[in-house]
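Peer 1: Fit chain Y to the supplied structure of chain Z, relying on the hints for placement.
Chain residues, written in single-letter form:
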Amino acid sequence: MISEQRYWNPMLETLPLEKLRALQLKKFKVIFRWAYENSRFHRSLYAEAGITPSDVQKFEDICQVPKVEKSMMRCIQCKDPFPYGDCLCLPLEEVSNFRQTSGTTGQPVYQADSWQDWEWWAESWAFILWAQGYRPCDRVFIPFGYNIFVAFWAGHYAAEKIGCEVVPGGVLDTQARILKIQELRPSAMMGTPTYMLGMADTARNKLGIAPEGLGIKRITCAGEPGASIPATKRRMEEAWNAKVFDHAGATEIGAWSYECLDQPGGIHVNEALFLVEIEDIETGQIIDEPGRRGKMVITAFDRMAMPCVRFDSKDVIEWDERPCTCGRTFRLIKGGVVGRADDITKVKGVLLAPSAIEEVVRGQRGLGSEYEVVVDKAGDIDRIVLKVELSPGNESILKRIEAELQYQLRLKTNLGYVIEFHEFGTLPRYEVKARRFKDLRKHC
Amino acid sequence: MISQSDIERIDEQIQLLKQAALALSDMAVEFPAIKRNAVRILSSVKMMEINVSDVVRLSEQA
Numbered sequence: 001m002i003s004e005q006r007y008w009n010p011m012l013e014t015l016p017l018e019k020l021r022a023l024q025l026k027k028f029k030v031i032f033r034w035a036y037e038n039s040r041f042h043r044s045l046y047a048e049a050g051i052t053p054s055d056v057q058k059f060e061d062i063c064q065v066p067k068v069e070k071s072m073m074r075c076i077q078c079k080d081p082f083p084y085g086d087c088l089c090l091p092l093e094e095v096s097n098f099r100q101t102s103g104t105t106g107q108p109v110y111q112a113d114s115w116q117d118w119e120w121w122a123e124s125w126a127f128i129l130w131a132q133g134y135r136p137c138d139r140v141f142i143p144f145g146y147n148i149f150v151a152f153w154a155g156h157y158a159a160e161k162i163g164c165e166v167v168p169g170g171v172l173d174t175q176a177r178i179l180k181i182q183e184l185r186p187s188a189m190m191g192t193p194t195y196m197l198g199m200a201d202t203a204r205n206k207l208g209i210a211p212e213g214l215g216i217k218r219i220t221c222a223g224e225p226g227a228s229i230p231a232t233k234r235r236m237e238e239a240w241n242a243k244v245f246d247h248a249g250a251t252e253i254g255a256w257s258y259e260c261l262d263q264p265g266g267i268h269v270n271e272a273l274f275l276v277e278i279e280d281i282e283t284g285q286i287i288d289e290p291g292r293r294g295k296m297v298i299t300a301f302d303r304m305a306m307p308c309v310r311f312d313s314k315d316v317i318e319w320d321e322r323p324c325t326c327g328r329t330f331r332l333i334k335g336g337v338v339g340r341a342d343d344i345t346k347v348k349g350v351l352l353a354p355s356a357i358e359e360v361v362r363g364q365r366g367l368g369s370e371y372e373v374v375v376d377k378a379g380d381i382d383r384i385v386l387k388v389e390l391s392p393g394n395e396s397i398l399k400r401i402e403a404e405l406q407y408q409l410r411l412k413t414n415l416g417y418v419i420e421f422h423e424f425g426t427l428p429r430y431e432v433k434a435r436r437f438k439d440l441r442k443h444c
Numbered sequence: 445m446i447s448q449s450d451i452e453r454i455d456e457q458i459q460l461l462k463q464a465a466l467a468l469s470d471m472a473v474e475f476p477a478i479k480r481n482a483v484r485i486l487s488s489v490k491m492m493e494i495n496v497s498d499v500v501r502l503s504e505q506a
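If you're matching them up, the sequences are chains Z and Y in order.
Okay, so the first sequence: first residue is 1 according to our numbering, each after it adds one.
Okay, so the second sequence: first residue is 445 according to our numbering, each after it adds one.
Next up, chain Z with everything else stripped away, as it sits in the complex (with noise of 0.2 Å):
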C-alpha cells in the first residue's frame, strides 16, 4: 500500500502555497539566525552588510541578507581553521562527511556535513526517487566511482532509505557494469547523461549488447542539464527504454530539485527544504515572474554544519509559470538548469547557452553524442567551432548533416558555426562532469 502513494511527503508537497510561504521565512529565519550565530565567516560577512537576524521579518528582508559565493568559500578555506576554514558551525568532532566540489570552476571547496547533514541529504534525494516512481521493489544499480565527490552518494543512501535494494557499481569499468547490470536485472540506474550515453554506446558497440533490451525501467540524472535538453533525454530513453529523470543539486546545497513522474518539461524546486530566489543577473533584481531568466540564489533550511544561506549558485533558471499536473505545489523550474551564469556568454554579440548547442546536436540523426565547442578568435571576429561525431553508417550523408545542422543551429542560436566532422570515438568521453564548452578568446 506504501507503494501506492504518489507523494514522499503528501502534506508537503501539497501544501497550499500561503502555508509554503510563511514555512519558509518561518525556515530562514532560523538558519540564517544559526549561520550568524555560530560561523564566524558568515557573521563578519553580515556585520559587515549591517544585517542582524532581527532585521529579517518578512519575507521582502530575505534579500537583503548578502550572497555568498563560491569565491568567498575558496579565500575562508585557504585559511585555518583546516580544512573548512571559518565557516564550520559545529565542532569537527560532529564532522561525519567530507565532500569536495569537482573544480570545474577553480580551486575546489571543501564540505563538511555532520550526521544530520547526510540524513538530510538521503531525505532530500527519498523526494527525488519516490516522484520518479522509486518504490521498494526496485534494484538500483549505481555505476559511479563513489570517491571524494557528492554525486550519487546521496542517492545510494536515499534508494536504501525508500527500502530499495542497491547495487553500488563502484569500482569497475563500463564493460564489467554492462555486465554486471546483464546478470542482475536491475530496474533503475543513475548517472550523468554524459555516461548513461556513454554506457549505452559501449554495450552496443564494444560489447554487443543491446542496452535497450537490459531491463531498465527508470534513470536518474544529475551533473549536468542534459536530462532536461529534450534531445539529449530522447537519446537516452531510446538507447536504454527507460523513462528518464533529471534532478539539479550541488555539493554546497543540496538536492534542491527534481522532475516527476508527470515529466511537466520541467523541474520541481523542493520548496519545503530550500528557497530558490532568481535574480536578474544585469540588475541583481529579484524575478517573481515566469518567463525571465536569471541565475539561482539558493538557500538550504535544514543543513547544519556548513549553512548554505543566499547562496550566489550562477545556475541560469526560470520560473515555469504551469502548475504541474502531479499535483505539487512546489514550483516548476521550465526546462530545468539552462546553464551557467559562468558559461552563458556573448559571441559576436549574441547570448550564447552551450545547452542549446546540445539540443540541436543531439537531436541531430547521423551525430554521435558527443561534441565540443571552442570559443576563439579568427583576427578580431569571434569563431565557434563545434566538433561532433559521425555515427558510423552515415559517411554518404555527411553534406546533409552538415547542412541541416547549419540550418538548425543558426535558428536555435542566431549564430554560424565552423562544424568539424571527427572519427566516431575520437572526442573526450565523461563519467562526470564533462566540459564541453572551452572560451578561448582571452588566450587569443
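In case anyone wonders, no lab produced these hints; they're calculated from the structure.
Check each hint, because a few of them may be wrong.
Simulated coverage check for chain Y against chain Z, where a stretch passes if three residues somewhere in it have a Cβ under 8 Å from a Cβ of chain Z [stated by the list, open to error]:
| no. | segment |
| --- | --- |
| 1 | 445-457 |
| 2 | 482-493 |
| 3 | 498-505 |
Bear in mind the structure is a predicted one, so any value in this text is a computation, not a measurement.
Backbone N, C-alpha and C define an ideal beta-carbon position, used for all residues, glycine too.
Peer 2: Relative to chain Z, chain Y alone:
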C-alpha cells in the same frame, strides 16, 4: 488523505521519540554503543520533524 488530527498525533509521537532518544543519549555518557546510536536516532527524528513537526508548529515563534 491524512487528516489534521492524524498529523498532530504523528507529531506527538515524534516528540516522544525525541525525548526518549535524548534521555538515552544523556544516560550513555560512558556507553559509546548507546550514545552513538542515539545520535543516529536523533538525526532520523530530525528528519521526521522536518517532514511533519515544522509544519504542525508553524505558528510557534522562530
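Peer 1: Taking beta carbons only, do three or more residues of the segment 482-493 of chain Y come closer than 8 Å to chain Z?
Peer 2: Per the Cβ count (7), the hint holds.
Peer 1: Taking 8 Å as the C-beta cutoff, is the stated coverage of the segment 445-457 of chain Y by chain Z satisfied by three or more residues?
Peer 2: Per the Cβ count (3), the hint holds.
Peer 1: Count the residues of the segment 498-505 of chain Y with a beta-carbon closer than 8 Å to any beta-carbon of chain Z: does the count reach three?
Peer 2: holds (count 3)
Hint check: no violations occur; every hint is consistent with the structure.
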